[in-house]
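Listed below are the residues making up each chain.
Protein chains: 2
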Amino acid sequence: MNKHLEEIAANRSFGGWHKRFRHRSTVLDCEMEFGVYLPPSAEKGPVPVLWWLSGLTCTDENFMQKAGAHQVASELGIAIVCPDTSPRGTDLPGEHDSYDFGSGAGFYLNAATDPWRRHYRMYDYVTDELPAVVSGDLPVNDVQGISGHSMGGHGALVCALKNPGRYRSLSAFAPISNPTRCAWGEKAFTGYLGDDRNQWKDWDATELIGNNGCDLEILVDQGEADNFLKEGQLRPESLEKACQASSTPLNLRMQPGYDHSYFFIATFIEDHLQHHGRFLR
Amino acid sequence: MNKHLEEIAANRSFGGWHKRFRHRSTVLDCEMEFGVYLPPSAEKGPVPVLWWLSGLTCTDENFMQKAGAHQVASELGIAIVCPDTSPRGTDLPGEHDSYDFGSGAGFYLNAATDPWRRHYRMYDYVTDELPAVVSGDLPVNDVQGISGHSMGGHGALVCALKNPGRYRSLSAFAPISNPTRCAWGEKAFTGYLGDDRNQWKDWDATELIGNNGCDLEILVDQGEADNFLKEGQLRPESLEKACQASSTPLNLRMQPGYDHSYFFIATFIEDHLQHHGRFLR
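Chains as they are written, first to last, in our numbering: chain A, 3 to 283; chain B, 3 to 283.
Keep in mind that a hint or two might mislead.
Any copy will do: because identical chains look the same in the list, a pair fits if it lies in one copy or spans two.
With a Cα cut of at most 27 Å, we get these calculated BS3-like pairs of lysine-lysine [claimed, not checked]: (1) K243 <-> K21; (2) K21 <-> K46; (3) K232 <-> K243; (4) K21 <-> K68; (5) K46 <-> K243.
It should be emphasised that the hints constitute simulated quantities derived from the structure, not laboratory data. Only a predicted model underlies this, so the values are computations on that prediction, with no experimental measurement involved.
Construct the complete structure from the given sequences, taking the supplied hints into account.
Take a look at the structure:
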């Protein structure tokens, strides 16, 4: 165990372990915490890993506690790693004033503006620094998939799209599919990236798919009763159109009656884990 | 729908509904909230109901969000009702000062001392008033089982033991089995019941089983790595001894490595739901 990786919690769960760790992030220039589910098979050798990126206001704990993902991950022999959703312990001007910008709302991008660019580099953190930490100290191999919810569903899409060949599987729950064209994304990108909208396109999944497509089969679940869908924050239709135009295989499932909550995620997480299992095992 | 039962949340979950309600409790003399999981089959007619009593510090929400119980309840066609763990909205002297007494710590008994006896009547609430409210307004029938965790595991035992024939099934996770002989129970019973320890016995599951036994097969899971077991708060050995003495069928399963958390509950909730399903369907 790396002396810089401090175990802060360990709970037996479905024959494996849920663990939480604290470490110093060089990329984010702060202390960070993250959660891991290790299936029983990880005691015999390295296992594939599914990255889960959470949504606005979450920490590493919400998904682990509420999604009911451990049982199937245990059966499939897949580890799950949940990063936090922003740098922590910093105190930048306005950082803690709103739920959709600053702390808890890092949007998995690298900020370009002051004062955010010093700490808000969640893209580099989740695609580069944290994978190195995890693979160095935990029993996972280099077979990786990625998924997430809402802001994190979009983060998963962007991470996969910007790194062809890195992830073998990709899915998302209710992703913010086209942030350059919704209120959440416009607020976040203005703050983190500045006013030049051309710079924004490099962090928008719909734009990235439109440019380059994606070889991975993408599974997306979207609740039809999701208030944020109705508000135009999610725009799955934009993602669908971009996938069609670029011949990217997208399985977009509209789920009648389901909202944006973890009850929605819990209901369909088994399908997503099985989807990832097809490519990760 | 009773005009006094206000729906405050509704989420689709595994084809059914998680709902939360607010109502005025006459017994507790305050406004209360509770949670319900209704399986898909409840849309066709009344279904059996499992009462779940939560532990110290919980509200009606913890179990619903963290236990992963909805999938199997959906498959079995069983509703789950989660009451809160104490009266709310009151402000008695010292009521909110500690996690193990007062708010969040009602211990599912009827208090006998001032000022608690005016509001702290959680036993009457969960065995009498709330069942009438639920059966009057929600699609459940009179086939009932009961379970719970820690303080609520003990509450489930006491509710069943004091009402032979009322519940068809009974289980508990890490119950406070013998509260008259542990620190949590001594503090709570002194506060709610007074100094006469003879009065305490009527609210102690081990004492009640020792006196009268129980016809139900009781399933109990207890994690061996549970810190509260080590502290002597749970005393499953006392429960086991009382069951043996009274020929009460107890299946006490010691689970190596598991602690007191919802990860422990989530791991074994399917077994408990199947146990209840055997008697409720």
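Results for each hint:
1. K243 <-> K21: neither (40 Å within a copy, 35 Å between copies)
2. K21 <-> K46: within (17 Å within a copy, 42 Å between copies)
3. K232 <-> K243: within (18 Å within a copy, 58 Å between copies)
4. K21 <-> K68: both (15 Å within a copy, 16 Å between copies)
5. K46 <-> K243: neither (44 Å within a copy, 39 Å between copies)
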